[in-house]
Every structure is written in structure tokens, then in C-alpha cells.
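K.L.:
Given next are the chains, with one letter for each unit.
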Amino acid sequence: MSLSRAFFAVIRRDLVLALRRRSEIANPLLFFILVITLFPLGIGAQPHLLQAIAPGIIWVSALLAAMLSLDSLFRSDFDDGSLEQLLLSPHPTSVLVLAKIIAHWLVTGLPLLIVAPLLAVFLGMPNHALGILLLTLLLGTPVLSLIGAIGVALTVGLRRGGMILSLLVLPLYVPVLIFAGNAVQMAGTGLPVDAQINILIAILLMALVLAPLPVAAALKMSVN
Amino acid sequence: MFLIPDPVVRFFHRMASPPHFYAFSQRLMPWLVVIFLLLTAAGLYGGLYLAPSDYQQGDSYRIIYIHVPSAWMSLFIYVVMALAGAIGLIWRIKLAEIVAISSAPVGASFTFIALVTGSLWGKPMWGTWWVWDARLTSELILLFLYLGVIGLYGAIDDKRTASRAVAILALVGVVNIPVIHYSVEWWNTLHQGPTVTKMDKPSIHVSMLVPLLLMAVAFKFYYLIAMLQRARIELLLRERNAQWVKNKVAELKL
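Same order as they appear, the protein sequences are chains A and B. Residues in the first sequence are numbered consecutively from 61, following this note's numbering. Residues in the second sequence are numbered consecutively from 9, following this note's numbering.
For reference, chain A alone in the conformation it holds in the complex (with noise of 0.2 Å):
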């Protein structure tokens, strides 16, 4: 089987299980909706505080979902032994692996991004900011599931993994919050933003290229 043959077939199987199971897809988002909606109960209905903070709102409660989802990425292959065989096939661990992660983004990440226009009206934010913010989401997420593998592959082979990966991850996740949210604020007060999208656009890129193969790595010392 060729490497770009064996590359789709790992994402197909993975969308194919994912919608097999469809809780997986569901409670990210479900928990992505139910955190953005605590902030208006927590902080009180002020219109103008809430629209002042959306996107860091916004931009949180997506970190939060992505981590809380990591877990599924590797944890039933490993189980059932498919992951061992994934490492032993002849096509390089890193561009499978990669082929694992796009699966993922593409059940648990992509969701995001067609509920947050929705929760973002929710919280008042301005019409001019919400294509930013789908932006950065679009930019921003991918991120989140790459560095993410790697805290997973790190952990899934430890019986306690859940608290460890968050002290892992949610650092190495700060500089996409940053940029992203900086860009959705200065957005809405009408600022460019082209700055804080190219950094992001390097962020993905570096991410892409250079993720799969500290996640390989961890990946066959989790297994041995």
C-alpha cells in the first residue's frame, strides 16, 4: 500500500469509528456550548462587560474542549492493540500519526467552528469580528489538536493521564490563545489584524511539520 494510500485509509477508519460512536462528537461540543453559557450566569448579564471579554470567552471554552477531547485520540487504539499495529506498518509512524490527527480535528475541532458564530451573536459580539474569529478558530484549532496529540502520546499509556495532560498542554497552548485572542478583540474595534494571522498561519505550519514527530516518538516509548 502506498504512503498517501495508507494516509487516507487511517483518516477514513478514524471518521468512519467517530461516526459509529457519535457521542464523541457530541460532548465536546456539548461542553464547548455549556461553558461559554456559565459566563453570562457567573460574571451577570451586563451586555457591555460580556461583549468586551467574547472572545476570550470564546477563545477558552475552545481550548477547554479541545483538551478535554484529546483524550479519545489515541486512548481506544491503544487499548485494542490497533495502535501497536499502526506502529509496526512500514509507512513512517509521524505522517500516520498526522493522518490520525487531522481525523480527530476533523470530528471534534471543526464543530467548533460552526456553533461559535452562533454563541459569539450570543454573547454581543460585533458582526465585523465574527469572520476574525472564524479565522482564528479555523487557524488556531488544527494547533490545538497537534500539540495535543503530543501530551496524549506522552500520557496514554498511564493509568492517570487526565490531570497530568492538562499541566502538559494548556502551556504549550498559551501562545495560540494569545495571538488568537488578541486578534478577535483588535477585530472588533476594527484594527487590522493581519499581524496576529500570519503568526498564527507560521504557528499552524510549524505545528504540521514538526508535531507528528515528537508524538511518534512518544507514541512507540508509550507502547513498548
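Rather than coming from a laboratory, the hints here were simulated on the basis of the structure. Accuracy of the hints is not assured; some may be wrong.
[Unchecked claim] Listed next, the in silico DMTMM-like pairs over lysine to aspartate or glutamate satisfying Cα-Cα at most 20 Å (straight line):
hint, chain 1, residue 1, chain 2, residue 2
1, B, K102, B, D62
2, B, K131, B, D62
3, B, K261, B, E247
4, A, K280, B, D165
5, B, K167, B, E242
6, A, K280, B, D166
Please read these numbers as outputs of a predicted model, since none were measured by experiment.
Take the given structure of chain A and dock chain B to it, following the hints.
P.N.:
Leaving out everything else, chain B in the frame of chain A:
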């Protein structure tokens, strides 16, 4: 290896053997302690007594003799940890793994000291304990990275596997180091720009610069002392079934 002279290569090969490392670090330790104490005494005397007070900040600037060296160490130790981790990953040298993990708590302490002293200085100077600017935030993230390394090492039972996991994590975290180092140049923030490491001419007077550099070197020696002590204990724990450790214990019992 053709670039490195033979004696150096031989030295490193010998150091990779646990009994040699243990004996060598034991002989080295008193020297390190003496040099550290001399440098610290000289640095503190120069910094707290000889150096004049600042015309704007008065005497409170003197906290830099702790703050700046700690901040330098926090970055330096992280790089050492990542390098040692990489060496451990590539050549599977046990001692490199041990040096990497023994560095983490020392580095975390220096990061914590840098944050606390900075905040103590910030209250009279900036009027606030904390601002969310680039330098402070990135230093805080560095502390979290150290804590992540320590936490991950503690969570994995098999210590050889744990060392490899920690090395991968430390290498991934290295992307943060240039961001911290250049944060005051890239972003115009409340934290002042660099005054010492400018290439042309440092914007700090010699009488203040010399004690600062003395303290910086003293902190390097402190790191060596603390790291070696941790490494020796870690080494004994890991090699507790090896013959040379049993011999050492037998010597103690006599």
C-alpha cells in the same frame, strides 16, 4: 567526533559510567562549594555595599543581584535539561537522563525566585505586584513547563521510560525559550529592556555590572552543586542493585 580532541572524548566516556561519575562528583563537590561561597560573598559585598545606589530607584534596585541571575539561570537550566534529555534520547546514556531530570527542580526553583523577586521589586517601582506583560507571562509559563516535566516524571513508574518521556516534553518546550528571551525586545512592555547583554556597550555602570556577573557565575556553581547532589542520589536509587552501589554500602557498614 573528529573535531573533538581525544582526551575530551575519553573524559565524557568515563563520565558516562555511573561509578566513575559518582566518585568524580564526590571529589569535585568541596571545590564547587568553596568557589560558590567565595563568589557569592564577593558578589553580595560588591552588590550590597560597594555599588552606589541608583539615582532613580534608590536602594531597591539591589534586588537585581538575585533577580537577574535567577532569571538567566531559569533559561540556562531549561536549555541544559533539554540538551541532556536529547543526548539521553539519542545515545541512551543513563547519566544524561539523570542530569536532565535532576536539573528540573533546580530550574523550577530559580524560575520561582525570579518571579517572586521581580514581583517584590515591582510593587515599589511599578506600583503593582504583577502585570500580565510578555516577559512575566512567559516566565510563568516556563515555571509551568518545569512543573509539567517534574509531574510527568513522577507519574511514570518505570524511570527509564519516564526519562525518555521527559526528554521529549523538554525538547518540545524549548520553543518557549527564544520567546522569553526576546519578549522584551519584540513587545514594548512594562518590563525594561536588556541592559547587560547588549553587544556594543552595556547600559549599566561597571561598579554595578561586576557584582552582577559575579553573582551570575556563583549561581551557575550553585546549580552545579544542587544538580550533582540530586543526580548522585538519583543514581544510587536507580543503580541500587548494581555491584558498585552494594560495595559502597558495605564500606559504610564497616
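K.L.:
Are the hints correct? Go through all of them and say.
P.N.:
Consistency of the hints with the structure:
1. B:K102 to B:D62: Violated. K102 (chain B) to D62 (chain B) sits at ~48 Å, over the 20 Å cutoff.
2. B:K131 to B:D62: holds, 17 Å
3. B:K261 to B:E247: holds, 18 Å
4. A:K280 to B:D165: Holds - the C-alpha atoms of D165 (chain B) and K280 (chain A) are around 17 Å apart, at most 20 Å.
5. B:K167 to B:E242: Holds, at about 10 Å.
6. A:K280 to B:D166: holds, 15 Å
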